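Asks: Sequences are here, hints too, so could you generate the full structure?
There are 2 protein chains.
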Amino acid sequence: MIDKRLLEFAHRLADLARGETLHRWEAGCEAQDKGGEGGFDPVTEADRESERAMRALIEQVYPEHGIAGEEFADRPSQGPFTWSLDPIDGTRSFTCGLPNWVTLIALLRDGRPVLGVIDAPCLDERYWAAGGSGLFVRGGREGALKASGCAQLGSARLSTTDPYLFKRAEAEAFERVRRSVRTTRYGQDGYAYARLAAGTLDLVIECGLKPHDYNALVPVVRASGGAIGDWRGGEDLSSGNVIAAATRQLYEESVSLMSGAD
Amino acid sequence: MIDKRLLEFAHRLADLARGETLHRWEAGCEAQDKGGEGGFDPVTEADRESERAMRALIEQVYPEHGIAGEEFADRPSQGPFTWSLDPIDGTRSFTCGLPNWVTLIALLRDGRPVLGVIDAPCLDERYWAAGGSGLFVRGGREGALKASGCAQLGSARLSTTDPYLFKRAEAEAFERVRRSVRTTRYGQDGYAYARLAAGTLDLVIECGLKPHDYNALVPVVRASGGAIGDWRGGEDLSSGNVIAAATRQLYEESVSLMSGAD
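Read top to bottom, the protein sequences are chains A and B.
Be aware that the first sequence starts at 41, since it is given in the numbering used here, and climbs by one per residue.
Be aware that the second sequence starts at 41, since it is given in the numbering used here, and climbs by one per residue.
Simulated from the structure, these hints should not be mistaken for lab results.
There could be a bad hint or two in this list.
[Claimed, not checked] Straight line, CA to CA, 30 Å or less: simulated DSS-like cross-link-like pairs of lysine-lysine:
#, chain 1, residue 1, chain 2, residue 2
1, B, 74, B, 44
2, A, 44, A, 250
3, A, 207, B, 207
4, B, 186, B, 74
5, A, 186, B, 74
6, B, 186, A, 74
7, B, 74, B, 207
8, B, 44, B, 186
9, B, 250, B, 186
Nothing here was measured: the structure is a model prediction, and the numbers come from that model.
Replies: So, in structure tokens, the structure goes:
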């Protein structure tokens with residue numbers, strides 16, 4: 041079980057991040073290019089200041105905890121706990137003035153995510169889970185996380201952020217899934233997993249995710265009754281190839297179309 | 041010039057539509073299939089009730105005006121004016137519990153859109169234009185519509201709703217543009233044009249739009265200083281192939297890559 045104080049602390053981190061990101065998004069925030077082999081990779085002052093603020097609070101309250109964030113160097117843990125931080129998941133949307141970006145906060149115990157928060161500041165929504173159960177707030181009302189129960193590809197609502205991220209065999213495999221489902225949506229980054237956990241999307245397939253992208257998603261999706269794993273049917277997400285599904289059956293049906301592509 | 045009362049009336053229509061759509065989105069709304077050759081084509085009670093409410097108000101206040109909406113049969117005009125209504129542009133997003141859907145309202149005079157409203161209920165944002173000038177409200181604050189001024193494909197932020205809607209030569213042409221721009225986002229439907237008019241996206245390219253999809257966009261984009269036209273450099277949008285750009289130069293650069301594909 042996760043101490044209640046740790047969950048309360050995760051909410052404090054999410055509040056703090058909102059305080060750094062939301063007003064910069066409203067004012068408009070210039071993107072700089074982090075560069076790298078994948079071409080244009082945007083980062084903003086909001087990413088950096090938000091992560092800086094969360095790190096400072098963790099160092100103050102839990103100096104023995106480790107920190108692994110997107111924008112700065114890892115801080116090793118002196119015990120079982122490490123925080124995984126993505127101040128803005130969806131920086132491209134952020135810099136295009138779109139509301140579909142989230143802050144991702146996870147707590148790892150011995151390397152496994154045991155607490156996750158997905159916070160959507162522009163939408164005033166938050167989704168969180170710890171100890172196997174989870175809640176969300178939308179429109180000022182709290183509800184229990186509950187995946188849809190969809191067990192058939194043919195009736196599934198699929199989401200992926202950017203279909204051009206799939207290369208060669210990946211793209212062919214994704215195409216098989218896309219042609220099998222009822223409808224497909226794009227551009228949602230980590231918010232898609234939140235809506236899966238709330239029951240309005242049924243399937244999310246993505247590649248190239250980093251630990252700070254997926255750690256917070258795992259407790260949230262599992263607390264909703266959904267399944268999340270890799271493209272081969274296992275639980276090792278370090279390849280960055282992730283499938284989240286409303287049910288185990290839908291996950292396995294998707295694995296049967298995606299496996300072999302990674 | 042457009043009578044101020046007509047603009048005020050358009051806002052009343054948008055308020056009325058919100059009253060029909062937003063609570064159904066929050067509660068979750070089952071999609072029915074309108075069918076048709078393009079496969080699954082969702083429609084909800086929210087689409088129908090919202091359009092029904094707007095039609096009733098128009099018939100009551102302006103019985104001589106025509107009405108052309110997405111969900112019901114056209115009502116011919118007895119004068120120069122016709123209302124073009126799309127109660128939910130982005131019904132797929134609506135049924136996936138995503139906030140990126142809008143209500144589109146346009147007033148046509150002698151067949152040309154002279155007033156446009158793009159309303160985003162979940163985001164509490166509205167964008168409108170008449171008589172060549174336009175405003176928007178976001179986060180409770182009003183601002184003037186102003187496109188970004190981006191004149192180069194290489195620095196442009198591009199958006200399209202679903203890249204799989206482009207077929208064969210269209211897909212190849214879109215791919216040329218996608219490879220030329222700085223970043224591409226997906227899944228925004230009519231909201232993308234609103235963000236272009238507010239200066240945070242620079243380019244939107246889409247195919248297969250219907251008159252109720254594009255009529256409201258035209259006054260909004262033009263009032264922001266942006267350009268909107270077809271893929272051949274003309275103003276006839278009836279092919280459904282639309283390019284909106286922050287500047288005339290960016291529009292023409294895009295036309296040079298897209299023309300010949302339609």
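Asks: Check each numbered hint against the structure and report the violated ones by number, ascending.
Replies: 1 and 4
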